[in-house]
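Q: I would like the entire structure built from these sequences, with the hints used as guidance.
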Amino acid sequence: EAGVTQFPSHSVIEKGQTVTLRCDPISGHDNLYWYRRVMGKEIKFLLHFVKESKQDESGMPNNRFLAERTGGTYSTLKVQPAELEDSGVYFCASSQPTWALRSGANVLTFGAGSRLTVL
Amino acid sequence: QKEVEQNSGPLSVPEGAIASLNCTYSDRGSQSFFWYRQYSGKSPELIMFIYSNGDKEDGRFTAQLNKASQYVSLLIRDSQPSDSATYLCAVRSGGSNYKLTFGKGTLLTVNP
Chain F
184 EAGVTQFPSH SVIEKGQTVT LRCDPISGHD NLYWYRRVMG KEIKFLLHFV KESKQDESGM
244 PNNRFLAERT GGTYSTLKVQ PAELEDSGVY FCASSQPTWA LRSGANVLTF GAGSRLTVL
Chain L
37 QKEVEQNSGP LSVPEGAIAS LNCTYSDRGS QSFFWYRQYS GKSPELIMFI YSNGDKEDGR
97 FTAQLNKASQ YVSLLIRDSQ PSDSATYLCA VRSGGSNYKL TFGKGTLLTV NP
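Going down the list, the protein sequences come from chains F and L. First residue of the first sequence: 184, per my numbering; consecutive thereafter. First residue of the second sequence: 37, per my numbering; consecutive thereafter.
If you are wondering where the hints come from, they were derived from the structure by calculation, not from laboratory data. Incorrect hints may appear among the rest.
Claimed, not checked - Calculated Cβ distances over 12 Å to all of chain L for the following chain F residues:
(1) 211
(2) 249
(3) 253
(4) 261
(5) 300
To be verified - SDA-like, lysine to any residue: derived pairs with alpha carbons at most 20 Å apart:
(6) F:227 with L:137
(7) F:227 with L:74
(8) L:78 with L:118
(9) F:261 with F:195
(10) F:261 with F:272
(11) L:140 with L:84
(12) L:78 with F:185
(13) L:78 with F:295
(14) F:261 with F:241
(15) L:140 with F:242
Note that CB positions come from ideal geometry on N, CA and C, so glycine has one too.
A: In structure tokens, the structure reads:
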């Protein structure tokens, strides 16, 4: 079974430019999450999709960040325009359909992350 | 106030010893608790989860949960150099809220 795939693994852009990060979850995982780790800080929640719907976007920093999951498969996270403080590692994770979560813990499988450096 | 606290370490133990990693959390409504291991530059990998008070064992790993004290720990028996990594404690509040709140992680080094 393929894991959670993220692209690119590393992106270096200048302040003011646009970057789009992509996440391909595990096949059949309805739940998809974006998290971010800024240097020296803990991994923080950004948002949660159930299929193509945004279930919780309370962690999105501001309106420069736009996440989409058209068709309920892969997801993109766009940062436009990028600022210096957006630098960090962006993790995507996925988990089983919601009906399966009720029987136990919500086990997330993470991707390797996309490192974003804004100069 | 930090929601999930971990000692950042580094925690250094000799090979074969028991490594003890600790985590406290502030939300009394938290229901599920997770330990992830992360090697440098790699994805966080689930080691164990626990949601009932007491101990849960899986091979060399034991998770311990004390909800009254808002404390969760991970014990690694017979530590191996390959266990050297950052260990992340994560907590889920429960209900329909599936997001995880992470601690900063504890860097563990197992010396041969």
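Q: Decide, hint by hint, whether the structure agrees.
A: To see whether the hints hold, each was checked on the structure:
| no. | hint | in the structure |
| --- | --- | --- |
| 1 | 211 | 17 Å, holds |
| 2 | 249 | 19 Å, holds |
| 3 | 253 | 21 Å, holds |
| 4 | 261 | 21 Å, holds |
| 5 | 300 | 14 Å, holds |
| 6 | F:227 with L:137 | 7 Å, holds |
| 7 | F:227 with L:74 | 15 Å, holds |
| 8 | L:78 with L:118 | 14 Å, holds |
| 9 | F:261 with F:195 | 14 Å, holds |
| 10 | F:261 with F:272 | 14 Å, holds |
| 11 | L:140 with L:84 | 17 Å, holds |
| 12 | L:78 with F:185 | 16 Å, holds |
| 13 | L:78 with F:295 | 5 Å, holds |
| 14 | F:261 with F:241 | 16 Å, holds |
| 15 | L:140 with F:242 | 17 Å, holds |
Checked against the numbered hints listed earlier, the structure breaks none of them; every hint is satisfied.
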